[in-house]
Amino acid sequence: MAHWFAYCFGEALASLWRQKVSVILSVLTIGAALLVLGGFLLVTVNLERAVSRWSAAAEFSVYLSDDISPEQRVALNMLLGSHPAVASREYVSKADAALRFRRDFPDLAAGLADMPQNPLPASIEVRLNPARADGATLEAFAKQLMQTAGVADVRFDRRWLERLGQLASIVRWAGWILGAVLLVASVLTVATVVRLALHARRDEVDIMQLMGAPIGLLRGPLVVEGILQGGAGSLVALVALYAGFVLVRGRILSVLGPAFEQAAVGFLPAGLSALLVLVGMAVGCAGGYLAARHVR
Amino acid sequence: MYGRGIYALRDVSLVVEKGEFVFLTGPSGAGKSTLLRLLLRQELPTEGTVRVAGRDLAKLTPSQAQSYRRAVGFVFQDFKLIPSKTVLDNVGLVPRVLGATSVQQQRRTFQVLKWLGLQHRMSAYPLELSGGEQQRVAIARALVNEPALILADEPTGNLDPDLSLEIMNLLRDINARGTTVLVATHNRELMRHVGRRSITLDHGHLVETA
Chain A
119 MAHWFAYCFG EALASLWRQK VSVILSVLTI GAALLVLGGF LLVTVNLERA VSRWSAAAEF
179 SVYLSDDISP EQRVALNMLL GSHPAVASRE YVSKADAALR FRRDFPDLAA GLADMPQNPL
239 PASIEVRLNP ARADGATLEA FAKQLMQTAG VADVRFDRRW LERLGQLASI VRWAGWILGA
299 VLLVASVLTV ATVVRLALHA RRDEVDIMQL MGAPIGLLRG PLVVEGILQG GAGSLVALVA
359 LYAGFVLVRG RILSVLGPAF EQAAVGFLPA GLSALLVLVG MAVGCAGGYL AARHVR
Chain B
116 MYGRGIYALR DVSLVVEKGE FVFLTGPSGA GKSTLLRLLL RQELPTEGTV RVAGRDLAKL
176 TPSQAQSYRR AVGFVFQDFK LIPSKTVLDN VGLVPRVLGA TSVQQQRRTF QVLKWLGLQH
236 RMSAYPLELS GGEQQRVAIA RALVNEPALI LADEPTGNLD PDLSLEIMNL LRDINARGTT
296 VLVATHNREL MRHVGRRSIT LDHGHLVETA
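Protein chains in written order, with the numbering used here: chain A, 119 to 414; chain B, 116 to 325.
Isolated chain B, as found in the complex:
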């Protein structure tokens, strides 16, 4: 609930199974992004609980919350890349600074970049990349820690239809490898193309599961 008694989400109860691919849809202001922010622990619920893998996110200590975030991949419409860092740094900065310099970690970073077709763009800066490339870098960053859960908020919102399809296929491939994927989108055509469970929100309420 926000101030002045306005609810961003109310009476929403849903379960996403491990390994599922779920779309969150609904009009602007329906509460899709708020739900993802709750799952990323950017916000805490004023009522109720949000559990991921059995853990109540509100009860995490700050250091546990940081560890949790390192185990969750996120992809945003505006990519959220650090413009002053190269592709390689954007993907592997935090694990590397935290001392994960093992050969395995490096190999994993290169593997992910190669899988996403970015191996030749590792030294480029985000602003030197196309929108599709930037979103693939964001997906690479989300994947590099081999997360059990990926949260994507309008990941194709800034991309043309072909690139949108490409990104959605990537997310589907990621899900096929066992990662749970939650995608908030308006794009019904893409939802039809991927053909997975969708949850519709409206004015903060869960109105349909299909």
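Excised from the complex, chain A in its bound form:
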């Protein structure tokens, strides 16, 4: 078996070297297809990362009526404390709310001071447990809180995160569909290049057949040739993707500012990068096999 593999690799490398120009074009085609796919994956992964981070930090703000009674406050605290989606909660008094307002909006602070009394309500900021806080549960919990005595309003910033999550999903599917179309084109390109190689080696293959070489020995080098082209194409795509990522990352951070933290924007994880290489090799393998089927 080792001889078999060594032979297939040796022949494939020699063939790739013989037709360098068409091989380079084929590798670039695969690289372009995987770059598109990888680009979509990169955007999706970062959107999902952001959604995940923001989800972890997501919270309810439960605004209290000014006339909430101590009993109503105890009942509200008990309700919040017993819900599995609640990770922690913090009471923000009217005075604390005014302090925060003056700190966050110093230009408007004077207006607040002119008012006869502090208009900002007291609130309870509820930090959520992302593992237990699915959309339907939170929706129901928000409604329940709204109907609780002593509660003036509930601000729930989960909905736009869900929309962002859906957007990430759409981007990912768009990437897979566009990537799949380009990958099919890549399979055909590899098949054409490998068929050209087969054509150049036709006499050799005929002689090998006369020598009684098994079909696997004749097809093997062609399939390996495809796999090597696919692997090279995927590495080209990964390098180009990383270079593009490094170039664009700074700009994205400066445009989106504090919404995206430096650490939150990252390159494809190792598993996805390996998957991209495997996809490239599979594309090459399919192209090589399509060409090799002509050897009978």
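Hints listed in this document are in silico derivations from the structure and should not be mistaken for laboratory results.
Some hints here could point you the wrong way.
Claimed, not checked - So the derived list for chain A, only partly shown, Cβ under 8 Å to chain B, looks like this: (1) 328; (2) 330; (3) 332; (4) 333; (5) 336.
All values reported here derive from a predicted model rather than from experimental measurement.
All C-beta atoms in this analysis are idealised placements derived from N, C-alpha and C, irrespective of residue type, glycine included.
Assemble the complex: chain A is given as a structure, and chain B must be docked to it using the hints.
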């Protein structure tokens, strides 16, 4: 039979005994090469049967056909050597890739190359060799698996008279060791020199056995 009702061979019935040396002769287009192609199982007969060692070649599975070809030596006028492979690879490539790396196999390859006077040309490529050397490499390749049958299609067609005689003597020596040899040739002088049974074909018909 080829398309449009043209017969390459018709009503040909012949038996070659084990260990025989037989010439196939006749004018161009007589069907000599077709007969050899049938024996190499490069083509299958549209009618009738071709049997080698009792086996109907048309009934072989693809893997049996590959095994059969590995057991038959072939020599062609245009040598059919792989230009990108060395002499050693041309002779021993398929057995080696198939895992026959035993000392015996290697020894056999060296023995055959030495017997044919090619031991000093093992690393050379076919295009670096003379026509006679290339044909000897082709014969070495045919011999390396110790075949029971060697098929040679105009093996001296590209060689000068001295080299032709040398190659024919080689084939005769191979036959003397027990291998059945079937040689298609136009060269009547060589046939006379070797002096074995000859079968003459003309327009696809067997016309004479002498």
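Against the structure, the hints:
At its closest, the beta carbon of residue 328/A sits 6 Å from a beta carbon of chain B; the interface hint therefore holds under the 8 Å criterion. The interface hint given for residue 330/A holds, since its Cβ lies 3 Å from the closest Cβ of chain B, which is under the 8 Å cut-off. With a least beta-carbon distance of about 5 Å to chain B, the hint placing residue 332/A at the interface is held under the 8 Å criterion. Against a cut-off of 8 Å between C-beta atoms, the interface hint on residue 333/A holds, since the closest Cβ of chain B lies about 7 Å away.
The closest approach between the C-beta of residue 336/A and any C-beta of chain B is roughly 10 Å, which is over the 8 Å cut-off, so the hint fails.
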